[in-house]
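Novice: Each chain, written out:
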Amino acid sequence: MDKPKINISFTLIAAVVGFMIAIQFQTVKKPVERDTRDVWQLREALLKEKELQSNLLNEIRSNEEKLSAYESKRKQSKEQTLRETLDELKMEAGLTEVTGPGITLMIEPIVEDIKLGYPVTKVVSPELLKRLVNELNMYEAKYVAIDGQRIINTTVIRDINRETKIDGHSIRSLPIEVNVGVDSINTAEKLSNRMKVSKSRDEFFTESLRLNVSEANPNVSIPAYDNPIRIKYMEPIKEGGGS
Amino acid sequence: MWLPFMGLVIGIILGLLTEIRIPEEYSNYLSIAVLAALDTLFGGIRAYLQNIYDEKVFVSGFFFNIILAASLAFLGVHLGVDLYLAAVFAFGVRLFQNIAVIRRILLTKWSTNKEKVEKN
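Which chain is which? The protein sequence lines are Z and G, in order. At position 6 of the first sequence the residue is numbered 72 (our numbering), and the sequence of numbers has no breaks. At position 106 of the second sequence the residue is numbered 110 (our numbering), and the sequence of numbers has no breaks.
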């Protein structure tokens with residue numbers, strides 16, 4: 067009999083069998099770990115678990131709080147944006163008091179005429195004021211108030227019974243002050259220089275009025291428009307651009 | 005003669021070291037295969053002791069028995085009958101028979117050796 071040959075194949079197969087047995091043993095063998103803890107150890111373990119649970123609950127609570135905080139912040143921020151937009155719009159519409167760089171114009175009677183015995187001009191004609199406002203707007207004036215009366219887009223300057231009225235506010239006495247606000251101090255300087263050489267000055271002079279133009283002032287306050295703005299003919303734009 | 009046992013031991017050590025785990029649902033197949041392999045192994049030992057050992061028979065029997073046992077188990081699982089019990093029974097019986105034969109052969113060998121020693 068060929069002994070070594072037998073042994074080799076036999077050994078190989080024996081190894082395979084051993085391998086299989088080991089694997090089967092490992093697969094079947096479950097780590098049976100007996101619970102040998104006594105009551106106190108169990109209680110300790112329970113305590114630990116409860117602590118863990120309460121920690122987890124705390125975490126959940128704090129997370130929920132955070133969540134609600136974020137939620138409310140989000141809501142508030144929406145509100146905030148709306149408010150900001152509203153403020154911007156109000157500012158644009160002239161419903162807020164504005165303080166910023168600008169110039170001040172003084173309209174006063176010509177002193178020399180008084181000395182000569184001419185009657186004092188008390189009335190500034192609405193045309194003059196309109197031209198003045200137009201000119202100011204031309205030179206990038208943003209906020210204009212004449213005699214404390216804010217000029218807005220719907221402001222009317224007109225003559226009612228020989229009284230110049232700006233939105234119902236009559237200008238009776240001279241001198242009057244015109245406050246003009248602009249975006250920046252540079253623009254204010256430019257505006258001041260332009261107004262000093264403007265046509266309005268000549269026009270005022272022909273009506274025996276003097277227009278004094280101040281230097282650029284970093285803090286000119288323009289009052290808010292105090293009457294309600296009528297939006298009788300205003301309609302919201304319908305979606306699709308109907309009107 | 006000791007080489008096969010060495011192989012067995014090496015195989016067991018290897019198997020324990022590799023930490024291969026077979027999924028629970030396949031452990032049945034492996035157990036039946038192990039049984040078949042053991043049966044073949046003891047059959048081989050018995051044949052060797054009886055001097056009728058044939059390597060081809062042994063090797064082919066090893067694989068064939070394993071495959072047959074596994075497929076029986078597989079069939080049993082799919083038929084809903086515990087067919088693998090048949091394999092277990094068959095292999096178990098053969099295992100006992102083989103071991104009994106081996107024991108007797110070894111006993112006779114041992115007794116003849118003893119007689120020889122006594123005669124001398």
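Keep in mind that the hints were calculated from the coordinates and are not lab data. Ideal Cβ positions, reconstructed from N, Cα and C, are used throughout, including at glycine. Hints may contain errors.
The following label-pair restraints were derived from C-beta to C-beta distances [stated by the list, open to error]:
#1 PRO27(G) to GLN107(Z): 58 to 64 Å
#2 LYS141(Z) to PRO27(G): 20 to 26 Å
#3 LYS139(Z) to TYR30(G): 53 to 59 Å
#4 ARG108(G) to VAL94(Z): 28 to 34 Å
#5 ILE56(G) to ARG103(Z): 43 to 49 Å
From the structure, some residues in chain Z lie toward chain G, with a derived Cβ separation under 7 Å [unchecked claim]:
#6 SER75
#7 THR77
#8 GLY84
#9 ILE89
#10 THR102
#11 TRP106
#12 LEU108
#13 ALA111
#14 LEU112
#15 LEU113
#16 TYR205
#17 PRO289
#18 ALA290
Novice: Hints first: check each against the structure and report whether it holds.
Specialist: Status of the hints after comparison with the structure:
About 35 Å separates the C-beta atoms of PRO27(G) and GLN107(Z), a value inconsistent with the hinted range of 58 to 64 Å. In this structure the supplied range 20 to 26 Å is violated for LYS141(Z) paired with PRO27(G), their Cβ-Cβ distance being about 53 Å. The hinted range of 53 to 59 Å is satisfied by LYS139(Z) and TYR30(G), whose Cβ atoms lie roughly 56 Å apart. Range check, ARG108(G) to VAL94(Z): Cβ separation about 32 Å, and the 28 to 34 Å hint holds.
Under the hint 43 to 49 Å, the C-beta atoms of ILE56(G) and ARG103(Z), about 60 Å apart, miss the expected range. Hint on SER75(Z) holds. Least Cβ distance to chain G is approximately 6 Å, under the 7 Å limit. The interface hint given for THR77(Z) holds, since its Cβ lies 4 Å from the closest Cβ of chain G, which is under the 7 Å cut-off. Annotation: GLY84(Z) was flagged as interfacial toward chain G, and the flag holds, the nearest CB pair being 3 Å apart, inside 7 Å.
The criterion of a C-beta within 7 Å of any C-beta in chain G is met by ILE89(Z), whose closest approach is roughly 5 Å, and the hint holds. Hint on THR102(Z) is violated. Least Cβ distance to chain G is approximately 26 Å, over the 7 Å limit. Below 7 Å, beta-carbon pairs count as interface contacts, and TRP106(Z) has none with chain G, the closest being about 36 Å; its hint is therefore violated. Checking LEU108(Z) against chain G: minimum C-beta separation of about 30 Å lies over 7 Å; hint violated.
For ALA111(Z), the interface hint is violated, the least distance from its beta-carbon to any beta-carbon of chain G being 29 Å, above 7 Å. With a least beta-carbon distance of about 31 Å to chain G, the hint placing LEU112(Z) at the interface is violated under the 7 Å criterion. For LEU113(Z), the suggested interface contact is broken, since its CB lies about 35 Å from the closest CB of chain G, more than 7 Å. Look at TYR205(Z): its Cβ only gets to about 88 Å from chain G, farther than 7 Å, so that hint breaks.
This hint is violated: PRO289(Z) has a C-beta 86 Å from the nearest C-beta of chain G, more than the 7 Å allowed. Because the closest C-beta pair between ALA290(Z) and chain G is about 81 Å apart, greater than 7 Å, the hint is violated.
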